[in-house]
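Input sequences plus hints: build the corresponding full structure.
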Amino acid sequence: MPVTGLTRFRTVLERTLEAWLVFLIVAMTTVVVLAAIWRKAGASFVWYDEVGSIMLAWITYYGAALAALKRGHIGFDGILLAMPYRWRIGAAAIAEIVVFAFFIVLAWTGWQVLQVLQGMRLISLPWVPIQITQSVIPVGAILFIICEALSLPEYWHRLREKISADEAELAEHLEAQETLRP
Numbered sequence: 086m087p088v089t090g091l092t093r094f095r096t097v098l099e100r101t102l103e104a105w106l107v108f109l110i111v112a113m114t115t116v117v118v119l120a121a122i123w124r125k126a127g128a129s130f131v132w133y134d135e136v137g138s139i140m141l142a143w144i145t146y147y148g149a150a151l152a153a154l155k156r157g158h159i160g161f162d163g164i165l166l167a168m169p170y171r172w173r174i175g176a177a178a179i180a181e182i183v184v185f186a187f188f189i190v191l192a193w194t195g196w197q198v199l200q201v202l203q204g205m206r207l208i209s210l211p212w213v214p215i216q217i218t219q220s221v222i223p224v225g226a227i228l229f230i231i232c233e234a235l236s237l238p239e240y241w242h243r244l245r246e247k248i249s250a251d252e253a254e255l256a257e258h259l260e261a262q263e264t265l266r267p
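In the numbering used here, the protein residues as written are 86 to 267.
Calculated from the structure, these hints are not laboratory results.
Each hint should be verified, as a subset may be incorrect.
Claimed, not checked - Per label pair, the in silico range of CB-to-CB distance:
id	residue 1	residue 2	range
1	Ile122	Thr89	32 to 40 Å
2	Leu91	Ile189	17 to 25 Å
3	Trp196	Glu103	23 to 31 Å
4	Gln200	Glu246	41 to 49 Å
5	Leu141	Glu99	20 to 28 Å
6	Arg100	Glu181	19 to 27 Å
Here a beta-carbon is modelled for each residue, glycine too, at the ideal position from N, C-alpha and C.
Put into structure tokens, the structure is as follows:
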């Protein structure tokens with residue numbers, strides 16, 4: 086695949102999401118371990134439950150966007166690829182429209198939620214606005230839309246050529262191994 090501005094953008098977005106998710110997972114793991122140690126010592130963190138659930142939600146939303154970029158969500162391409170060409174393309178188009186529509190509604194609703202939450206703060210950490218913690222809803226939805234759109238060209242190519250996601254992943258893995266050989 087030729088390297089274009091869009092390909093570079095996709096790569097930068099992928100690496101950024103991966104780095105952000107690694108940071109969130111390490112931070113959450115650290116919080117959980119420290120909270121368990123402190124709780125065992127009889128001095129638990131007041132904010133642990135609230136912050137832990139927020140971090141898990143952030144990992145979920147940003148992880149979903151990364152999975153969309155890599156087309157890593159659960160799919161049934163065996164059924165899709167068994168269909169005649171026109172049916173396959175039509176079914177895939179309808180599925181993509183539904184996905185985009187859902188995430189557009191989620192982004193809009195998430196924005197509305199942020200407006201309602203204006204001025205509210207976390208119970209356990211009153212200096213943290215709830216709008217920051219819940220911003221993941223519209224931001225995650227918009228990221229999902231961008232990632233889904235960036236993965237469309239490759240997805241449509243695979244559909245036209247009748248290549249399953251498993252076959253594409255295997256070919257990519259084998260190609261990566263070939264480049265590592267001396």
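Leu141 paired with Glu99, Cβ distance criterion 20 to 28 Å: holds, 22 Å
Range hint compliance [Cβ, Gln200 to Glu246, 41 to 49 Å]: With Cβ atoms ~45 Å apart, the hint holds.
Verdict for Ile122, Thr89 (Cβ pair) under range 32 to 40 Å: For Thr89 against Ile122, whose Cβ atoms are near 49 Å apart, the range 32 to 40 Å is violated.
Supplied distance hint 17 to 25 Å, evaluated on CB atoms of Leu91 and Ile189: For Ile189 against Leu91, whose Cβ atoms are near 21 Å apart, the range 17 to 25 Å holds.
Range hint 19 to 27 Å (beta carbons of Arg100 and Glu181) holds or violated: holds, 25 Å
23 to 31 Å as the expected CB spacing between Glu103 and Trp196, which holds or is violated: holds, 26 Å
This entry does not satisfy hint 1, going by the numbered hints stated previously; all others are met.
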